[in-house]
Every structure is written in C-alpha cells, then in structure tokens.
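*Asks:* Residue numbers (my numbering), protein chains in the order written: chain A, 1 to 336; chain B, 337 to 646.
To be clear, the hints were calculated from the coordinates, so they are not data collected in a lab.
Remember, predicted model here, so these are calculated numbers, not experimental data.
Ideal placement from N, C-alpha and C gives every residue a C-beta, glycine not left out.
Mixed in with the good hints, there may be bad ones.
[Unchecked claim] Stretch by stretch, here's where chain A covers chain B in the computed footprint (C-beta under 8 Å, at least three residues):
1) 352-358
2) 451-460
3) 546-553
4) 558-566
5) 599-609
[What the hints assert, rightly or not] Rough simulated footprint, nothing fancy, chain B against chain A, three-plus residues with beta-carbon under 8 Å:
6) 109-117
7) 261-271
8) 320-326
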Amino acid sequence: MRKLFVLLIVTAVFAVVAVPLTSTHTAQADDPFRVAVVMPSATNDLAFSQSMYDALLFVQEEMGEDNFEFVFQDGTFVVDDAAVALREWALEGYDLIIAHGSQYGAVVEEIAIDFPDTSFAWGTDSDTFGFDNVFAYEAASDQGGFVNGYLAAQLTESGVLGVIGPIETGDAKLYVDGFVAGAVYGDEDITVNVNYIGSFSDVALAAEAAETHVANDADVLTGSAQMVVGAVGVAIDQDEQVLWFGTQANQTSLAPELVVASQVYHWEVVLMDMIELIQDGTLGGESYSLTLENEGLTIEFNEEFEVDEELLDEVDSLIEGIIAGDIPTLMEEDSE
Amino acid sequence: MLSDILTASVIASAIRLATPYIFAGMGETFGQRSGVLNLGVDGIMLLGAFAAYYAVLETGSLLFGVMAALATGMLMGLVMAFVSVTLQAEQGISGIGLYLFGLGLSDMLYQRLVGTPVHVDGFPRVDIPVLTDLPVLGEIFFNHNFLVYVAFASVPLSAFVLTRTTFGLKIRAVGQNPEAADAMGVNVARIRYFTVIIGGAFSGIAGASLSIALVNFFQGNLTAGKGFIAVALVYFGAWRPYWVMAGTLLFSTVDALQLQIKTLENALNLDIPNELAVMAPYVVTLVALIFASKGVEKPTALTKPFERGE
Chain A
1 MRKLFVLLIV
11 TAVFAVVAVP
21 LTSTHTAQAD
31 DPFRVAVVMP
41 SATNDLAFSQ
51 SMYDALLFVQ
61 EEMGEDNFEF
71 VFQDGTFVVD
81 DAAVALREWA
91 LEGYDLIIAH
101 GSQYGAVVEE
111 IAIDFPDTSF
121 AWGTDSDTFG
131 FDNVFAYEAA
141 SDQGGFVNGY
151 LAAQLTESGV
161 LGVIGPIETG
171 DAKLYVDGFV
181 AGAVYGDEDI
191 TVNVNYIGSF
201 SDVALAAEAA
211 ETHVANDADV
221 LTGSAQMVVG
231 AVGVAIDQDE
241 QVLWFGTQAN
251 QTSLAPELVV
261 ASQVYHWEVV
271 LMDMIELIQD
281 GTLGGESYSL
291 TLENEGLTIE
301 FNEEFEVDEE
311 LLDEVDSLIE
321 GIIAGDIPTL
331 MEEDSE
Chain B
337 MLSDILTASV
347 IASAIRLATP
357 YIFAGMGETF
367 GQRSGVLNLG
377 VDGIMLLGAF
387 AAYYAVLETG
397 SLLFGVMAAL
407 ATGMLMGLVM
417 AFVSVTLQAE
427 QGISGIGLYL
437 FGLGLSDMLY
447 QRLVGTPVHV
457 DGFPRVDIPV
467 LTDLPVLGEI
477 FFNHNFLVYV
487 AFASVPLSAF
497 VLTRTTFGLK
507 IRAVGQNPEA
517 ADAMGVNVAR
527 IRYFTVIIGG
537 AFSGIAGASL
547 SIALVNFFQG
557 NLTAGKGFIA
567 VALVYFGAWR
577 PYWVMAGTLL
587 FSTVDALQLQ
597 IKTLENALNL
607 DIPNELAVMA
617 PYVVTLVALI
627 FASKGVEKPT
637 ALTKPFERGE
C-alpha cells in the first residue's frame, strides 16, 4: 500500500511539472482555422522547431488572431508521446495537424488512416504515403547550404571547414551536402570535414565534434539541428576566431561576433498554401519544398559581421544562378 | 594513418568527454555500494546543469554555479533517499520518476527563466606553467578546464573513502549485509541517506561540467541520457572507482576516436557508415562489460530496502 502511495505521489509530482511543458498558445475566435503542431525541441531553439513556430506566428498575423489559432507541444523528442498528442488532436477536430520532424513519419502514417476527414502534414519528407489527407513538406536546404559553403570557402584562412551533422537524413543531410558542394564550387582545393554525431539532441557530443574540427585546423564551422548550440559554444571559446554559418533559423544571437549568415526556413510559404487547399476541400496529397525561388529559404546576414561588398554581389549572383537552375547545388554523387 | 587518428587532441578529447561520466559514476558508486540504485542520475544531472548555468548567467560567478549545482544535487539526493530509504519505494521505479521530474523541471525552468539559448562564460582552460607547454603531454593532460581535474581527482578520493575509512567500511557493510551491519550498531538508513545525497552532489556537478565547462549553454535534455550510461559504467566497473574510471575512459576514447575518424574520413580515404561509427562506443563497452563482469559480485543488498527486525 505504501509503495503504491509513493508511486502515486511521484507520478502526481511529475504530472504537475510536466504539464507546463505542453505549452499552448491559443486565440479566441468564431470558427477560426485551428492548427495543432508537435515538435521535437523547444520553440526557441534557434533551429528546426523555432522555424515552424515563427511561421505559425507569421500566419496568425497574416490571417488575424480571430481567424487562426494554433496549439503546440514542443520538446517532444519521444515519438510515442507525439503519437498520443496527434491522436488526441485528431479526436478534437483540428483542421490541420502537423508533425514537425521526420522521426514522426511512421506515426502519421498510422494515425492518418484512422481519421480520413482530418488533414495531417509532416516533414521534412516528400512522402504523403499515397493518402488524400496527408501533406508532406521538406526544405531544399542544399540551396542555402551551397550559398553558405561558398561564403565559407571565401572566408577561411586555414582552408579547412568543419561540418557537424545530426543524423544523415532529411534536410540536415541536404544542407551538409549542399554546403560541401558550395565550398568546393568556391574553392576546389578546399578541405571540408564532415561529422555526423548520430543525434539531434546530444549538445555535448556536438561540442566535442566541433573541438575535433578545430583541432584539425578548421576555422569555419557549420551544422544543422538543435544540438549545434554546443558547437557554437566551442567556437566562442576558442582563442583564435572560428566563424559560424547557421541554418534553419537565424542563429546570429548565439554568437553575434562569429555568425556570418544563416539560411532561414519560412514554413509560412507552405502553410498558407495548405490552409487554402484545406479550406477548398483538399485535405492532402501534396508535397511541398522550400526553395530560394519560392522564398521559403532566405539567406540572412549578421549585420554586425562585416562582409565585403564584392562578396555580397557574388552571393546575389550565386542565388540567381541557383534559382535559374544554372548552378547545381549538389555534387553528382549526392544528387543520385 | 594511425598517427593521424590517435593524436594528442583525440586523447584530450576523450578525457573531456569522460568528465561528466566520472562525476556521475563516482556518485552512483557510493549509492550502489550502500545498496541504493539511483536511476534518477540523469534527471539530477539536468537540474544540476540548469542550476549551475542559471547561477552563472545571473551572477557571472563560477563558484556560485558550482555551489548551485552541488546544492541542487544534494537536494535531489535527499528526495531520492527519502523515497527509497524511508518510504522504501521500489528503487528502479522511483529513480525513473526522479529522472522524469528532473527532465521536466529543468526544461520548464529554462523555458520560463531563460528561453532562448544564451552563452555563459564557463570554466576556461587552466594554463599550468611549464606543464601546459610540454609537447604532447601538455595538450593531453594539462590543457583542460578546472572541473576535468576535479573529476579525475575524485576517483582516488572515492576509492580511499570507500576502502580506507570507517565510513567506507560502513557503506560496504550496509550494501553487503545490512542486517549484520545493523546488529553491529551501524545506522543503515543514515548511511544510505549519506551515500545517496553524496551521489546527488556528484550528479549535480556532472551536469555543471556540461553546462558551465564543456558546452557553456543550456538546452532541454542537455545530458542526452549520459546519466543512464554512467549507471551502466558503474556496473562495468564492478562498483570500484578505478574500474569505473577505466570503463568511462574506454567509452569516451572510442567516442573521441570515432569523431576523429569521421572527421578525417575523406583525407584518409575511408568509408565508414555513420551508424557504425556512432554505435562503436556502446558496442565496445558492451563487449568489455561481458568480459569484465565475469566473477564479479554486486553488492548483495543492492535495490533491497532495509527494515529493522526483518
């Protein structure tokens, strides 16, 4: 009996603490468009989850708080927890349920079939599973990666660049591949060392990966996913200047002296289209991709970091070339 | 090729990577030697990491950071001791509860008090006159932050306390045969309270070694399960501090090596699947555990609550 009592106490304490994690942000209105989103990390991670949160705020501002409301559950790195939230939201009748993370694909496939009248979206991937009620979205992050890589190749003094990736999949892999291609495009003799640490969340291992890059002469670093704050911390703590290129969200605030530029995702580009389709009765079946052309991807420079005007002009030409399709952003072996 | 892979910086990296595991492992060794399994180590590490980070962020004082981590760890240790010793709850379950509590609370406090990632000036590398400038050895052993040295110093200290002091003898007696220890006048509950609180303090510092020394940021789930690995390393080390350290160094060395190999993969014309590389530390440690565990006896009373007169 006493053990049962203790278990109940522990569970109750945890529940009290954990409930605020399930943050909700709602707006009151008559018949607003209702969206629910599950994300793997915090909405202020300056990376993947923040890019979606910022997009939702943008859409809310565009449509008005009376016409658009959203709830989210962030920090949901356990896929089973995400599955519970997704099913619950489907039962509650949300207009669009988003699983923001490629790790959620299997649960979206499992749940969406049970709720054919509810629209689901997930990414980053292009697979809608052949369902009429599933949208898929991805980012052509190789494009911004290419631009970042080109810039890095121009700014390095050692001729060595270091890349810290999470798991070799999705937009993270595209970004890394694009960065390598861009660096080689900018300087064919450049050395680009790439390290996938096998985790989206192991900040300490990302920090040590960055240390390894620096020990092997890298003076410009980049990386994708929320664990990169560890790598940025290492860059800040070096005696010699180590520059940083960001992706997913604007990472300037992490290290204003070291961040040169960030590729920023604007998911609002695909969200607005999805909402329009759903309101017209199409619940899914479409795949989207953020690109430089549709302005779902933008390159944002750190205003405090001085970049040569000539180099900025080169970047503009580069972006035009990528949009026109004249410059391939992946190397042949990566694009196969 | 070997000279490209096994460099001084890689060994130094292994030493840095080992630091949080050594702190947490030493703390857990004290608890388990007295018969208390604390699976909440990772949660305590997270709270210690946040407490240290927030204290440094607010005050700029590393001393306050360490004190905050220690105090938080001890408080969480007290909670674990109360639940597992006084209330005699099942230790595995209550440890998991403590972990979830630490995971949730640390993230909630971070979101409410800090929000977006902010860098803090953590422990810098200690420049030891003459020694730091030594070729090779200087980079390997004498180019680390203060907490790295504290972690490694805690190993002989823990071994000494456990094997050469009356307190250590009581800890071992309580973990091996609490009834006999009780009959000899040892206060079993008090000893277990002490060890679990000591373990909590170690875990708190383990978290601080991440947030104000290695990474100098905080993020939700910063530890990424390192506390659980530390618990496994205590088993690997057969509840002996030096062996726990050896297991930790084996794990962290393979981790540092796989980072180096992947980094130089193109230069060395290697093609190793990433999945295989990141698995390597776990596989090597698991294989070593199989051999190391032969003939080793764990503390007999481990996970067993004690009640006088049983």
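*Asks:* For each hint, tell me whether it holds in the structure or not.
*Replies:* Outcome of the hint check:
1. 352-358: The restraint on the region 352-358 of chain B holds, since 3 of its residues have a Cβ under 8 Å from chain A and three suffice.
2. 451-460: holds (count 6)
3. 546-553: holds (count 5)
4. 558-566: Coverage by chain A holds here, the residue count being 4 at a Cβ distance below 8 Å.
5. 599-609: holds (count 5)
6. 109-117: violated (count 0)
7. 261-271: violated (count 0)
8. 320-326: Result for this restraint: violated, n = 0.
Against the hints set out earlier in the document, violations occur for numbers 6, 7 and 8.
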